[in-house]
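Asks: Given next are the chains, with one letter for each unit.
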Amino acid sequence: QSALTQPRSVSGSPGQSVTISCTGTSSDVGGYNYVSWYQQHPGKAPKLMIYDVSKRPSGVPDRFSGSKSGNTASLTISGLQAEDEADYYCCSYAGSYTSLWVFGGGTKLTVL
Amino acid sequence: EVQLVESGGGLVQPGGSLRLSCAASGFTFSSYEMNWVRQAPGKGLEWVSYISSSGSTIYYADSVKGRFTISRDNAKNSLYLQMNSLRAEDTAVYYCARGAAAGTIRYYFDYWGQGTLVTVSS
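One line per chain: the protein sequences are U and X, in this order. For the first sequence, the positions run 1 to 112 when the working numbering is used. For the second sequence, the positions run 1001 to 1122 when the working numbering is used.
I should point out that these hints are in silico values taken from the structure, not numbers from a laboratory. Virtual Cβ for every residue (Gly too), placed ideally from N, Cα, C. Among these hints, one or two may not hold up.
As the list claims (entries may be wrong) - Below, simulated EDC-like cross-link-like pairs (lysine to aspartate or glutamate); rule was C-alpha separation at most 20 Å, straight line:
(1) U:K108 / X:E1046
(2) X:K1043 / U:D87
(3) X:K1043 / U:D52
(4) U:K44 / U:D87
(5) X:K1043 / X:D1062
(6) U:K44 / X:E1001
(7) U:K47 / U:E83
(8) U:K55 / X:D1110
(9) U:K55 / U:D84
(10) X:K1065 / X:E1089
(11) U:K47 / X:E1089
(12) U:K44 / X:E1046
(13) U:K108 / U:E83
(14) X:K1076 / X:E1033
(15) U:K47 / X:D1110
(16) U:K47 / X:E1033
(17) U:K47 / U:E85
(18) U:K44 / X:D1110
(19) U:K44 / U:D84
(20) U:K68 / U:E83
(21) U:K108 / U:E85
(22) X:K1076 / X:E1001
(23) U:K47 / X:E1046
(24) X:K1065 / X:E1033
Claimed, not checked - Listed next, with one range per pair, are the computed distances between beta-carbon atoms:
(25) U:P7 / X:Q1114: 23 to 31 Å
(26) U:R63 / X:Q1082: 39 to 47 Å
(27) U:S13 / X:K1043: 23 to 31 Å
(28) U:D62 / X:S1017: 41 to 49 Å
(29) U:T19 / X:G1008: 36 to 44 Å
(30) X:G1015 / U:P42: 30 to 38 Å
Stated by the list, open to error - Some residues of chain U that are not near chain X, with every Cβ distance over 10 Å (derived):
(31) G12
(32) G30
(33) T72
Modelling step: build the complete structure from the supplied sequences, incorporating the hints.
Replies: Okay, structure coming up:
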């Protein structure tokens, strides 16, 4: 069982927006502004999409945005495109020496 | 271009050992913290271990503490993971992932390798 809770799947049509939630505790998501999101296509390595809750690395489209409220972080993808279909994982710094980072179980995004 | 290339995975019997390597290029390896992250088949990601840029600070997840050893050779631009007393539940793709540059505060992984598969089975 993953430390952070994500919905198993979400879906949306091209052009629509979807939001993926990521719920943790005050020891991880709620305790630090260090939530990151990773996109993973089948058989590929994860790719950083959002860091520090809402910042986008260079090259990531501004259709991707992140936010946080309390112990829950969210990733919103607007203007869905076919290539956005992938698994998405949230991650939070947790600060414990035996659990520095915790991940969510992943959300499968299907573009209908 | 930043590149991380893992190797050393394979099939090993329960109780066996394996050493993974991660060859880094395209950046000043000695200036960056590094991590191992694994993904069991069909499952999510799990942070495994962290090593500081100099190698002086190391952390492990509870699930591998006492069995796995992370190390690095900055002269060879390489990261390693020595895995002993392997269990079936260690079966996963193991990724090396770049962390913060020394002297910076950064809590995410900006580059990942393609991963190497470790299968623990008799």
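Asks: If a hint holds in the structure, say so; if it doesn't, say that too.
Replies: Evaluation of the provided hints:
Taken as a hint, the K108 (chain U) and E1046 (chain X) pair is honoured in the structure, with Cα atoms around 17 Å apart against an allowance of 20 Å. Proximity of K1043 (chain X) to D87 (chain U) is assessed by CA-CA distance (about 11 Å); at most 20 Å being required, the pair is judged to hold. Simply put, K1043 (chain X) and D52 (chain U) have alpha-carbon atoms about 24 Å apart, too far for the 20 Å limit, and the pair is violated. As the CA atoms of K44 (chain U) and D87 (chain U) are separated by approximately 10 Å, the hinted pair is consistent with the 20 Å bound.
Among the hinted pairs, K1043 (chain X) with D1062 (chain X) is consistent with the structure: their alpha-carbon atoms are about 18 Å apart, no more than 20 Å. Proposed proximity of K44 (chain U) and E1001 (chain X) is supported: the alpha carbons are some 18 Å apart, at most 20 Å. Under the criterion of a C-alpha separation no larger than 20 Å, the hint pairing K47 (chain U) with E83 (chain U) is consistent with the structure, at around 13 Å. A C-alpha spacing of about 12 Å is found between K55 (chain U) and D1110 (chain X), which places the hinted pair at or below 20 Å, so the restraint holds.
Using a Cα cut-off of 20 Å, the hinted pair K55 (chain U) and D84 (chain U) holds, with the two alpha carbons roughly 18 Å apart. Distance check on the hinted pair: K1065 (chain X) and E1089 (chain X) sit about 14 Å apart at the alpha-carbon level, within 20 Å; holds. Proposed proximity of K47 (chain U) and E1089 (chain X) is contradicted: the alpha carbons are some 25 Å apart, above 20 Å. Restraint check for K44 (chain U) and E1046 (chain X): the C-alpha separation of about 16 Å stays at or below 20 Å, so the hint holds.
A hinted pair counts as satisfied when its Cα atoms are at most 20 Å apart, and K108 (chain U) with E83 (chain U) qualifies at roughly 13 Å. Of the supplied pair hints, the one linking K1076 (chain X) and E1033 (chain X) holds, its CA atoms being roughly 15 Å apart against a limit of 20 Å. Between the alpha carbons of K47 (chain U) and D1110 (chain X) the distance comes to roughly 7 Å, so the proposed pair stays at or under 20 Å and holds. Of the pairs offered as hints, the one joining K47 (chain U) and E1033 (chain X) holds, with about 18 Å between alpha carbons and a cut-off of 20 Å not exceeded.
Restraint check: the Cα-Cα separation between K47 (chain U) and E85 (chain U) comes to about 13 Å, which is no more than 20 Å; the hinted pair holds. Under the criterion of a C-alpha separation no larger than 20 Å, the hint pairing K44 (chain U) with D1110 (chain X) is consistent with the structure, at around 15 Å. Pair hint K44 (chain U) plus D84 (chain U) holds up; C-alpha atoms about 14 Å apart against a cutoff of 20 Å. Distance restraint check for K68 (chain U) and E83 (chain U): the Cα-Cα separation of roughly 25 Å exceeds the 20 Å cut-off, and the hinted pair is therefore not satisfied.
Taking the CA atoms of K108 (chain U) and E85 (chain U), the gap is near 8 Å; set against the 20 Å cutoff, the hint holds. With a C-alpha separation of about 18 Å, the suggested pair K1076 (chain X) and E1001 (chain X) falls inside the 20 Å cut-off, and the hint holds. Between K47 (chain U) and E1046 (chain X), the direct Cα distance comes to roughly 15 Å. Compliance with the 20 Å bound is thereby established for this hinted pair. The hinted pair formed by K1065 (chain X) and E1033 (chain X) meets the criterion: a straight-line CA distance of about 19 Å does not exceed 20 Å.
The supplied range of 23 to 31 Å is met by P7 (chain U) and Q1114 (chain X), whose beta-carbon atoms lie about 27 Å from each other. Separated by about 42 Å at the C-beta atoms, R63 (chain U) and Q1082 (chain X) satisfy the suggested range of 39 to 47 Å. At about 29 Å, the beta-carbon gap between S13 (chain U) and K1043 (chain X) stays in the expected band of 23 to 31 Å. With their beta carbons about 47 Å apart, D62 (chain U) and S1017 (chain X) fall inside the hinted range of 41 to 49 Å.
Take T19 (chain U) and G1008 (chain X): their Cβ atoms lie about 39 Å apart, and the range 36 to 44 Å holds. Against the hinted window of 30 to 38 Å, the Cβ-Cβ separation of G1015 (chain X) and P42 (chain U) comes to about 32 Å, which satisfies the hint. Distance check for G12 (chain U) against chain X: the nearest CB is about 22 Å away, which clears 10 Å, and the non-interface claim stands. At roughly 15 Å, the least C-beta separation between G30 (chain U) and chain X is larger than 10 Å, which holds for a residue marked as non-interface.
Listed as a non-interface residue, T72 (chain U) keeps its Cβ farther than 10 Å from every Cβ of chain X; the least gap is roughly 17 Å.
Consistency with the previously given hints fails for numbers 3, 11, 20, ordered from lowest to highest.
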